[in-house]
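All chains, please: the whole structure from these sequences, using the hints.
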Amino acid sequence: PARYFDTKTTEPISFFLSGLEELLAWQPNSNDEFNVSAVPLAKRQPPLHSMRPRTLVCHDMRGGYLEDRFIQGSATRNPYVFYHWRYIDIFVYFSHHTVTIPPVVWTNAAHRNGVPVLGTFITEWTDGEKLCEAFLAGGEEAYGAVAEQLARIAQHYRFDGWLVNIENKLSAAAVGNLPLFLRELTAQVHSAVPGGLVIWYDSVLKDGTLRWQNELNDENRIFFDACDGLFTNYNWKEEQLERTQRLAGPRLNDVYVGVDVFARGDVIGGGFDTDKSLRLIRQYGLSAAIFAPGWVYEHLGKENFLQNENRFWGSLAEYLPTHSICTLPLTTSFSLGMGTSTFLDGKDEESGPWYDLSAQDIQPLYPELQGRLSTSCCLQDAWCGGSSLKLQGTIPPGEERVAVRLFSLQMPAPPKLFLTLLYKLEGPDDFTVALEVTTWDSGTCFEGNPTSLPEPNGRYHPRFLPAPPPELAKLLAACHRGSRGWTSRCYELELQDCSLRDLSVIVSRQQPSLEETSFTCLLGEVRVLDTASVAASPAQVHSVAASQLWWQ
Numbered sequence: 197p198a199r200y201f202d203t204k205t206t207e208p209i210s211f212f213l214s215g216l217e218e219l220l221a222w223q224p225n226s227n228d229e230f231n232v233s234a235v236p237l238a239k240r241q242p243p244l245h246s247m248r249p250r251t252l253v254c255h256d257m258r259g260g261y262l263e264d265r266f267i268q269g270s271a272t273r274n275p276y277v278f279y280h281w282r283y284i285d286i287f288v289y290f291s292h293h294t295v296t297i298p299p300v301v302w303t304n305a306a307h308r309n310g311v312p313v314l315g316t317f318i319t320e321w322t323d324g325e326k327l328c329e330a331f332l333a334g335g336e337e338a339y340g341a342v343a344e345q346l347a348r349i350a351q352h353y354r355f356d357g358w359l360v361n362i363e364n365k366l367s368a369a370a371v372g373n374l375p376l377f378l379r380e381l382t383a384q385v386h387s388a389v390p391g392g393l394v395i396w397y398d399s400v401l402k403d404g405t406l407r408w409q410n411e412l413n414d415e416n417r418i419f420f421d422a423c424d425g426l427f428t429n430y431n432w433k434e435e436q437l438e439r440t441q442r443l444a445g446p447r448l449n450d451v452y453v454g455v456d457v458f459a460r461g462d463v464i465g466g467g468f469d470t471d472k473s474l475r476l477i478r479q480y481g482l483s484a485a486i487f488a489p490g491w492v493y494e495h496l497g498k499e500n501f502l503q504n505e506n507r508f509w510g511s512l513a514e515y516l517p518t519h520s521i522c523t524l525p526l527t528t529s530f531s532l533g534m535g536t537s538t539f540l541d542g543k544d545e546e547s548g549p550w551y552d553l554s555a556q557d558i559q560p561l562y563p564e565l566q567g568r569l570s571t572s573c574c575l576q577d578a579w580c581g582g583s584s585l586k587l588q589g590t591i592p593p594g595e596e597r598v599a600v601r602l603f604s605l606q607m608p609a610p611p612k613l614f615l616t617l618l619y620k621l622e623g624p625d626d627f628t629v630a631l632e633v634t635t636w637d638s639g640t641c642f643e644g645n646p647t648s649l650p651e652p653n654g655r656y657h658p659r660f661l662p663a664p665p666p667e668l669a670k671l672l673a674a675c676h677r678g679s680r681g682w683t684s685r686c687y688e689l690e691l692q693d694c695s696l697r698d699l700s701v702i703v704s705r706q707q708p709s710l711e712e713t714s715f716t717c718l719l720g721e722v723r724v725l726d727t728a729s730v731a732a733s734p735a736q737v738h739s740v741a742a743s744q745l746w747w748q
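Quick note, the numbering used here runs 196 ahead of the 1-based positions in the sequence shown.
For the record, the hints were derived by calculation from the structure and aren't laboratory data.
Ideal Cβ positions, reconstructed from N, Cα and C, are used throughout, including at glycine.
Treat the hints with care, as some may be off.
So the derived label-pair ranges between C-beta atoms look like this [unchecked claim]:
1) Ser214 with Asp541: 44 to 52 Å
2) Glu499 with Ser739: 46 to 54 Å
3) Ala271 with Ser709: 40 to 48 Å
4) Asp544 with Glu217: 45 to 53 Å
5) Glu499 with Lys433: 31 to 39 Å
6) Ala198 with Lys498: 24 to 32 Å
7) Thr683 with Ser547: 22 to 30 Å
8) Asp323 with Leu565: 49 to 57 Å
9) Val740 with Ile702: 42 to 50 Å
10) Ile702 with Thr527: 16 to 24 Å
11) Lys433 with Gly594: 47 to 55 Å
So this is what it looks like as C-alpha cells:
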C-alpha cells in the first residue's frame, strides 16, 4: 500500500493522516510495524518535570516528510540533522497535515538521547473550521473518539504526545467543548504513554475567535489549564513576558515562549540574534519554544551546515540548561546518522552519501572556549559510522593541559568501571590524550581502597590497562585494536561511595612550554562500562522471523 511503502522503491516510509475520516479509521496493521520506534526513551537528569526552564524545539521544514520519511535511510547528500540533544527538553515534528505522526527515525534519535517527541494535530482555514465543527460541536462521544485515537496512535508508534494547534475560528458549541476535549486528550495520553505530554498552541480564544495573543492571559488560560503547557506565538514584547510570568504562577515552566528563528513578523531576534530573544525569556524564568531552527540549513545553505549549526547552538548555549546521562553503559562513536562514507574499525568500507537518523549515536556536549577550543563533527575520518568528534584547540603558554567536557553524568558510581577510548592525534610528539572522571564532592568518596586519600576536587584519572582482564577480552578487544592511525586505550577505575559528575578528555603535554601549542584530536569511540553488568552474558535472540521479502 502506497501509504506505507514508497511507490518507486518499495521501501518502507513514514506517513501522516489527512482529515477526520482517516484519523477515526486508523487501526494498527502489519504494514506499519516499520513505523514503531525501536528505541525506548532514555532516562536523563534532571527529569522533564523538574523546576527549571525548558527548551522545546519545533522542527518545521518545507512541509515535512522529506528524506527523513525513509525508515531504512537514503543516499542523501548533505541532509539536515539535529544533534544538540543535550541542550533541549522536547522535540516537536510539525507539518500542515491534520495528524503529523513523527517519522520514526526522529523518534529513535531523540529517544536515544533522552528527548521526548511530539506529533502535531492541526486544523486550519475553512476546512479546519468544518473539521472542528464535526468533532467538537458533536459532543462528548465525538471529541472523546478523537482523543482516544490520538492517544492510541502515540502509544502504538511509541512517541510521546501531541502539540495541538487549532488555527481557525470556532462556533460557540465547538469552543465550549474545546477545554473538555483537551482535558480528555491529556488524560488519555497520560494513561497510554508514560511521561506523555499535550501542549496547546496560542491561537484560538475562549470565545472562538482566532487571535494570537503572544502571551498567557485570561483569553487563552482556560486551554493552558486543561493540558500540560502553552506554546505562545512569536510576536511578543517584554511586558507580555512579565504578565505571563505573573499569571502562570507555579506553572511558569509550562509556558513555552515562541521564538521564530526565521524572524517573521515583529520579533525581538531570530537567526544569529536568537540569543536576544532567549535572554529575555530566561530573565522571566519561562521556557522557550525554538521554532524552525532548520533556518540554519535552509537559509545559509547545505554546504557549511555543520559549521553553521555549531555556531548557531553555540550562541545560545548559555541560555540552554544541559542534561546529564544517568545510566550505564555509555557508549558512542559520535555518528550523526549521516555521512559521506561508512566507516568500520577505522576503514572506509563504502564511499557515498547516506542518511539515517536511526543510526545516530548518543551525542555529547559541544563545548566552545573562544579562541582556545572548538568541538565539531568530522565526516572525513571516523572509527565507526559516518563521523568522529573533532577537538581543535591550543594549550596556552606555561600550561600543561586542556580538559574537554564530553558528558555530564549524574548517577552513583559502580564499584568498578571500565573505560575505553579511541582517538587520532595531530600535534607535537610529547602530547598525550586520556580520559578523566570527576565525582560530586563528598567526604565519603574514595578511589580504590579506603586507605587512599580523596582526590582534590574529585578528579580521577582511570588506571591505564595494557590488556583487558580475560573475562572481558572479547568485549574489550578494543584495547589492542587501534589501526589505521587510531590509538586505542583501556582504563579501569575503582571507586567507593562516589557519585559520577563529568566525563572529560584531557589533552596534555609532558613539559610546560613558553609557547602556545595547537592540536587536533579526533575521537572515534568512548565507552564507560559497569564491570559487573558487562561480565554477565547478553540475552540470546530466539525465533527470528523474516516477512515481506521482495527480491529485486
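Exercise. If you check the beta carbons of Glu499 and Lys433, does the distance land in 31 to 39 Å?
Worked result: holds (36 Å)
For this session: May I ask you to test the hint 40 to 48 Å on the CB atoms belonging to Ala271 and Ser709?
Result: For Ser709 against Ala271, whose Cβ atoms are near 47 Å apart, the range 40 to 48 Å holds.
For this session: Kindly confirm whether 42 to 50 Å is satisfied by the beta carbon distance between Val740 and Ile702.
Result: At 44 Å between Cβs, range holds.
Problem set entry | Lys433 versus Gly594 beta-carbon gap, inside 47 to 55 Å or not | holds (49 Å)
For this session: Take a look at whether the Cβ-Cβ distance between Ala198 and Lys498 falls inside 24 to 32 Å.
Result: Once the Cβ atoms are compared, 29 Å apart, the range 24 to 32 Å for Lys498 and Ala198 holds.
Problem set entry | Outcome for the supplied range 44 to 52 Å, where the beta carbon pair is Ser214 and Asp541 | Distance hint for Ser214, Asp541 holds at roughly 46 Å.
Exercise. Do the Cβ positions of Thr683 and Ser547 conform to the proposed distance bound of 22 to 30 Å?
Worked result: 24 Å Cβ-Cβ, so the 22 to 30 Å window holds.
Exercise. Does the hinted range 45 to 53 Å hold for Asp544 and Glu217 at CB?
Worked result: holds (50 Å)
Exercise. Is it true that the C-beta distance of Ile702 to Thr527 lies inside 16 to 24 Å, as the hint says?
Worked result: Between Ile702 and Thr527, where Cβ atoms are some 20 Å apart, the hint holds.
Problem set entry | Range hint 49 to 57 Å (beta carbons of Asp323 and Leu565) holds or violated | Holds - the Cβ-Cβ distance for Asp323 and Leu565, about 52 Å, lies within 49 to 57 Å.
Problem set entry | Outcome of range test on Cβ distance (Glu499, Ser739; 46 to 54 Å) | holds (48 Å)
Hint compliance for this structure: no hint is broken.
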